[in-house]
Amino acid sequence: MKKVCIIFLLFFGLFSCYEKEQLPNPPNNLIPRNKFVLIMEELMLIEHQSQVEFPNFQEFYPTLDTSAFVLMKKYQTTIKDFEKSFDYYSFDPSQMKEIYNDVLENMTKKLNQSNLNNKKLH
Numbered sequence: 000m001k002k003v004c005i006i007f008l009l010f011f012g013l014f015s016c017y018e019k020e021q022l023p024n025p026p027n028n029l030i031p032r033n034k035f036v037l038i039m040e041e042l043m044l045i046e047h048q049s050q051v052e053f054p055n056f057q058e059f060y061p062t063l064d065t066s067a068f069v070l071m072k073k074y075q076t077t078i079k080d081f082e083k084s085f086d087y088y089s090f091d092p093s094q095m096k097e098i099y100n101d102v103l104e105n106m107t108k109k110l111n112q113s114n115l116n117n118k119k120l121h
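Counted from 1, the sequence shown has number 106 at position 107 by numbering that gives the first Met the number 0; the numbering is strictly sequential.
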C-alpha cells in the first residue's frame, strides 16, 4: 500500500508540473525596452492629467486618445506597435513588473528633483 501511495504521489507530481510557456517571438517593430519605459511613463502622466481635468470617462477618453497619438509620434512609433510591444512584454509578468518598477523609479527621481528645485527657489 505504501508503494502504491509513493507511486501515485510521484506520478501526480510528474504530471502536475508543466512546462512554462515559451516567450513568443518579438513582434515586428518591437519598441525597445528603455523607450517603452519612457512611453509608459508619459502615458501614465497623460492619463492622470486627463482624469484630473475630466473626471467623466466620456470626456477624458478623447483627450487621452489624442494625446497618446501625439506621444507615439514623438517617439516615432504607432499605437499598434505600442500595443503589440505591450502584449509581448506582458507575456512575462516578471519583465512587466520590472518595467513598471523602472517607470516608478523614473517618476520618483523626477518628483524628487522637482521638489529640490522648488526648495531652491524658496
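It should be emphasised that the hints constitute simulated quantities derived from the structure, not laboratory data.
Glycine residues also receive a C-beta, built at the ideal position from the N, C-alpha and C atoms.
Accuracy of the hints is not assured; some may be wrong.
Claimed, not checked - The calculated label-pair distances, taken between Cβ atoms and stated as ranges, are:
hint, residue 1, residue 2, range
1, D91, E52, 31 to 37 Å
2, N114, P61, 28 to 34 Å
3, N100, I78, 22 to 28 Å
4, E46, N117, 41 to 47 Å
What the hints assert, rightly or not - Calculated pairs, DSS-like style, for lysine-lysine (alpha carbon to alpha carbon, straight line, at most 30 Å):
hint, residue 1, residue 2
5, K96, K108
6, K83, K73
7, K96, K79
Each hint tested on the structure:
The supplied range of 31 to 37 Å is met by D91 and E52, whose beta-carbon atoms lie about 35 Å from each other. With their beta carbons about 33 Å apart, N114 and P61 fall inside the hinted range of 28 to 34 Å. Separated by about 24 Å at the C-beta atoms, N100 and I78 satisfy the suggested range of 22 to 28 Å. Between E46 and N117 the beta carbons are some 24 Å apart, a value that contradicts the proposed interval 41 to 47 Å.
In summary, the hint linking K96 to K108 is supported, as the alpha carbons are separated by about 18 Å, within the 30 Å threshold. As the CA atoms of K83 and K73 are separated by approximately 18 Å, the hinted pair is consistent with the 30 Å bound. For the proposed pair K96 and K79, the alpha carbon gap of about 22 Å is at most 30 Å, so the pair holds.
Consistency note: the structure conflicts with earlier hint 4 alone.
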